[in-house]
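J.: Those sequence lines, one after another, are chains R and Z. Counting from 0, one number per residue, gives the positions in the first sequence under numbering that gives the first Met the number 0. Counting from 0, one number per residue, gives the positions in the second sequence under numbering that gives the first Met the number 0.
If you're looking for bench data, these hints aren't it; they were derived computationally from the structure. Because the structure is a prediction, the values reported are computed rather than measured. Glycine included, C-beta positions come from ideal geometry on N, C-alpha and C. Keep in mind that the hints are not guaranteed to be accurate.
[As the list claims (entries may be wrong)] To give an idea of the interface, some chain Z residues facing chain R are shown, with a C-beta separation under 7 Å as derived from the structure:
{"#": "1", "residue": "R6"}
{"#": "2", "residue": "L14"}
{"#": "3", "residue": "D46"}
{"#": "4", "residue": "D47"}
{"#": "5", "residue": "S148"}
{"#": "6", "residue": "G152"}
[To be verified] Simulated crosslink set (DSS-like; lysine-lysine; CA at most 30 Å straight-line):
{"#": "7", "chain 1": "R", "residue 1": "K212", "chain 2": "Z", "residue 2": "K274"}
{"#": "8", "chain 1": "R", "residue 1": "K199", "chain 2": "Z", "residue 2": "K408"}
{"#": "9", "chain 1": "Z", "residue 1": "K340", "chain 2": "Z", "residue 2": "K408"}
{"#": "10", "chain 1": "Z", "residue 1": "K61", "chain 2": "Z", "residue 2": "K412"}
[Claimed, not checked] Some residues of chain Z that are not near chain R, with every Cβ distance over 12 Å (derived):
{"#": "11", "residue": "D155"}
{"#": "12", "residue": "E202"}
{"#": "13", "residue": "A285"}
{"#": "14", "residue": "R302"}
{"#": "15", "residue": "A304"}
Chain by chain, the residues run as shown.
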Amino acid sequence: MPVFKTAYNGYSVEFSPFVETRLAVATAQNFGIIGNGRQYVLELAPTGIVDVVSFDSADGLYDCTWSEENENLLVSASGDGSLKVWDIALHPAQNPIRSFEEHSHEVNSVDWNLVRKDCFVSGSWDDTIRLWTIDMPRSLRVFAEHSYCVYSTVWNPRHADVFLSASGDCTLRVWDVRDPHASLIIPGHNHEILSCDWNKYDDCIIVSGSVDKSIKVWDVRNPRREITMLQGHTYAVRRVKFSPHRAHLISSCSYDMTVCMWDYMAPEDALLAKYDHHTEFAVGIDMSTLVEGLLASTAWDENVFVWQDGMDPRA
Amino acid sequence: MERLRLRQQVLLDHLRPVASNFRAADIVTSICSAGDSAAYLRTTDFDDDVVVVAAFRTPICKAKRGGFKDTYPDDLLAPVLKAVIEATGVKPEEIGDIVVGSVLGPGAQRANECRMAAFFAGFPETVPIRTVNRQCSSGLQAIADVVASIKAGYYDIGIGAGLESMSSNPMAWDGSVNPKTQANQRAQDCLLPMGITSENVAERYGVSRKQQDAASVRSHKRAAAATASGKFRDEIVPVQTKLVDPKTGEEKSVIISVDDGIRQGATLADLAKLKPAFRKNGSTTAGNSSQVSDGASAVLLMRRAVALRRGIPVLGVFRSFAAVGVDPAVMGVGPAVAIPKAVKDAGLEISDIDLFEINEAFASQFTYCCKELGLDEEKVNVNGGAIALGHPLGATGARCTATLLHEMKRRGKDSRFGVVSMCIGSGMGAAAVFERGSVVDQLSIARPIKDNNYLSKDAK
Numbered sequence: 000m001p002v003f004k005t006a007y008n009g010y011s012v013e014f015s016p017f018v019e020t021r022l023a024v025a026t027a028q029n030f031g032i033i034g035n036g037r038q039y040v041l042e043l044a045p046t047g048i049v050d051v052v053s054f055d056s057a058d059g060l061y062d063c064t065w066s067e068e069n070e071n072l073l074v075s076a077s078g079d080g081s082l083k084v085w086d087i088a089l090h091p092a093q094n095p096i097r098s099f100e101e102h103s104h105e106v107n108s109v110d111w112n113l114v115r116k117d118c119f120v121s122g123s124w125d126d127t128i129r130l131w132t133i134d135m136p137r138s139l140r141v142f143a144e145h146s147y148c149v150y151s152t153v154w155n156p157r158h159a160d161v162f163l164s165a166s167g168d169c170t171l172r173v174w175d176v177r178d179p180h181a182s183l184i185i186p187g188h189n190h191e192i193l194s195c196d197w198n199k200y201d202d203c204i205i206v207s208g209s210v211d212k213s214i215k216v217w218d219v220r221n222p223r224r225e226i227t228m229l230q231g232h233t234y235a236v237r238r239v240k241f242s243p244h245r246a247h248l249i250s251s252c253s254y255d256m257t258v259c260m261w262d263y264m265a266p267e268d269a270l271l272a273k274y275d276h277h278t279e280f281a282v283g284i285d286m287s288t289l290v291e292g293l294l295a296s297t298a299w300d301e302n303v304f305v306w307q308d309g310m311d312p313r314a
Numbered sequence: 000m001e002r003l004r005l006r007q008q009v010l011l012d013h014l015r016p017v018a019s020n021f022r023a024a025d026i027v028t029s030i031c032s033a034g035d036s037a038a039y040l041r042t043t044d045f046d047d048d049v050v051v052v053a054a055f056r057t058p059i060c061k062a063k064r065g066g067f068k069d070t071y072p073d074d075l076l077a078p079v080l081k082a083v084i085e086a087t088g089v090k091p092e093e094i095g096d097i098v099v100g101s102v103l104g105p106g107a108q109r110a111n112e113c114r115m116a117a118f119f120a121g122f123p124e125t126v127p128i129r130t131v132n133r134q135c136s137s138g139l140q141a142i143a144d145v146v147a148s149i150k151a152g153y154y155d156i157g158i159g160a161g162l163e164s165m166s167s168n169p170m171a172w173d174g175s176v177n178p179k180t181q182a183n184q185r186a187q188d189c190l191l192p193m194g195i196t197s198e199n200v201a202e203r204y205g206v207s208r209k210q211q212d213a214a215s216v217r218s219h220k221r222a223a224a225a226t227a228s229g230k231f232r233d234e235i236v237p238v239q240t241k242l243v244d245p246k247t248g249e250e251k252s253v254i255i256s257v258d259d260g261i262r263q264g265a266t267l268a269d270l271a272k273l274k275p276a277f278r279k280n281g282s283t284t285a286g287n288s289s290q291v292s293d294g295a296s297a298v299l300l301m302r303r304a305v306a307l308r309r310g311i312p313v314l315g316v317f318r319s320f321a322a323v324g325v326d327p328a329v330m331g332v333g334p335a336v337a338i339p340k341a342v343k344d345a346g347l348e349i350s351d352i353d354l355f356e357i358n359e360a361f362a363s364q365f366t367y368c369c370k371e372l373g374l375d376e377e378k379v380n381v382n383g384g385a386i387a388l389g390h391p392l393g394a395t396g397a398r399c400t401a402t403l404l405h406e407m408k409r410r411g412k413d414s415r416f417g418v419v420s421m422c423i424g425s426g427m428g429a430a431a432v433f434e435r436g437s438v439v440d441q442l443s444i445a446r447p448i449k450d451n452n453y454l455s456k457d458a459k
């Protein structure tokens, strides 16, 4: 399956919800520590992966998300605290069409609302979460209850107003945008939590990935303890995502440079597959909603892989 | 430059899994009263399983004549409470509740004695304690209650215990009997002496005197063998107490560390000579009934996650519990009904069970239950039962649990599931299924490697 070489170190990869062959990749120069960033939009062509358009930014880009209502819009989270909105139908020189500058530190996550489709949330190292729409110049809401970096913010796939956040303060929090305070706080791990996601088939099940190397699956109705703990990564788990096609399938990537697939309902042999095609920290993973089993990953080794689950990404 | 340093720091922290400063000490999860309505099967090992990490008992001694005839009930309970704490390194103040099964002791007084025993054992005043009485299964009920409370989220660590001093509290009826009972056969049957219910079982289900005596001999032989080979040393906590000479009134300080009811030389011929104790032409004798005894036992339970975090080896996993009602006139058949239910609740079949501890209240009911369930006698009461060891009513459930789990530990992988069961006066039966701890829990016995220099052992 095809490979794409990015100029900078990969940070995040997202399949387009509209075009099955399209994906966005956020990258940052010098491992995101200092330098520029570049937002790629890639196309899966018969000849391999080709670069449709790319946008340069003054600081590294850590995450990106596609608009759920306009197939040409995407948002990137930048190291300078800004959120850049790009329109791929316009010339790169006319981009970004918006730059929201309110976060006082690096923005680590951004996610577009799946139900109402008109807003997105961002999580930042300034410990806050902000809610935005394209049409308003200022953020609509600020959620400032985390006490350390917010690493992940994800909308509930069923409820228009509910989202989940994961933070370096070792908690997961469930929020309702109508309420400034978290509706649920789960002190999920004893170490920083870097990623979280909602199950796409059961809106009560969530997953978290932590610096403690474990992935935990939780039921928000009984948050006192996890349903199960998945162990197998040998360094911090950087990103976890539930499959859009199979209720029990979880994908994860880690600082141990691997991408893993899990079935959380089979606790004794939960680890379904372990891909070790990356040669540096694997930090971005996505599962296509339009093509079942199609996976994409990116890493600090400047490679973007797209492959069918079960196949060898390098083959 | 400041920003550069910050980014490096944040990323480095991801790679250095040192416990964070945000130890979430001030954050508690809110418990949703809707509970766990998860729509998936939860059959395997989860961190919220309730596990047994320690199980101990005192020696069991004959009431009025044995080693504990002059021992206060609180002095029996305190040593086992202390033992479960000391064996695991759990701090006494971390215990969420202590539940003590106790049958004959007067309610309020016994509750008070238990509270005092906790103080004698070194528990602070902040740790609560209560008693529970489901007759002969009280000790098992205490364990089940603690498990339920841990599952409910009331606390993470608890002690289920049992206590009976039949020297100080004989079986007796207080006051008059409600005349209404005459009109209700079942209620009337509740008043039958236990020995008569045993005769009823023998008669109704055709258990012969010879079969009963054989069960008794087997019980004594096995208990004697277990004592001789030191098997009980793992579970017995020696008790320091006093003996008073009945003639001279002289007090002697002693340490009791072995069961004193076992008759190694018991033979069929000897037992056959005994007269029926309850009915003239009956088959139940003093030799094929359980002994009247003193003793105490305790089991420390916690959530698996807590045990894992502390690195405490898991002795057993509590899988299921069932209490059922049967005809009071043949109360001894309880295990024959309770065991299938508990086993089914655990998602298992009787054939999956590798070891049974079935209380031998009477050889008649014990023999009947084994036959009815089709149990292999090599799997039942392998270290003897109440006929040899004694039956301190409230302590028996936790005593059997201790005996079962320690035997399963010795047997290792050959024995994965075990059952504790007993019949209950007034017509009930109770049973619980346990799983051997380390079968499924490799992590709990693994110790973290310290000072790993990533070289092979040979390189040192």
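J.: Going by Cβ atoms only, is S148 of chain Z closer than 7 Å to chain R?
T.: Interface hint status for S148 of chain Z: violated (13 Å vs cutoff 7 Å).
J.: So is A304 of chain Z really clear of chain R, every C-beta pair being over 12 Å apart?
T.: A304 of chain Z not clear of chain R: closest Cβ-Cβ about 6 Å, inside 12 Å.
J.: For E202 of chain Z, which was marked as not at the interface, is the minimum beta-carbon distance to chain R over 12 Å?
T.: Consistent with the label, E202 of chain Z stays out of reach of chain R, its closest Cβ about 50 Å off (over 12 Å).
J.: Checking hints one by one. Is D47 of chain Z an interface residue toward chain R, by the C-beta closer than 7 Å rule?
T.: Interface hint status for D47 of chain Z: holds (5 Å vs cutoff 7 Å).
J.: K212 of chain R and K274 of chain Z: Cα distance at most 30 Å?
T.: violated (69 Å)
J.: Does the alpha-carbon distance linking K340 of chain Z and K408 of chain Z stay inside the 30 Å limit?
T.: Satisfied, since the Cα-Cα distance of roughly 25 Å is no more than 30 Å.
J.: So if I understand the rule, the pair passes when the alpha-carbon distance is 30 Å or less; does K199 of chain R with K408 of chain Z pass?
T.: Given pair K199 of chain R, K408 of chain Z is violated - Cα atoms ~43 Å apart, limit 30 Å.
J.: For the pair supplied as a hint, K61 of chain Z and K412 of chain Z, is the alpha-carbon distance within the 30 Å limit?
T.: Roughly 35 Å between the alpha carbons, so the hint for K61 of chain Z and K412 of chain Z is violated.
J.: According to the definition I'm using, a residue is off the interface if its beta carbon is farther than 12 Å from all beta carbons of the partner; does A285 of chain Z meet that for chain R?
T.: Answer for A285 of chain Z: holds, closest chain R Cβ roughly 51 Å.
J.: Given L14 of chain Z as an interface hint, is its Cβ closer than 7 Å to any Cβ of chain R?
T.: holds (6 Å)
J.: Is it correct that the beta-carbon of D155 of chain Z has no partner in chain R closer than or equal to 12 Å?
T.: Violated, since 10 Å does not exceed 12 Å.
J.: May I ask you to test the interface hint for G152 of chain Z with respect to chain R, counting a Cβ-Cβ separation under 7 Å as satisfied?
T.: Interface hint status for G152 of chain Z: holds (6 Å vs cutoff 7 Å).
In this structure, the hints that do not hold are numbers 5, 7, 8, 10, 11, 14 and 15, in rising order.
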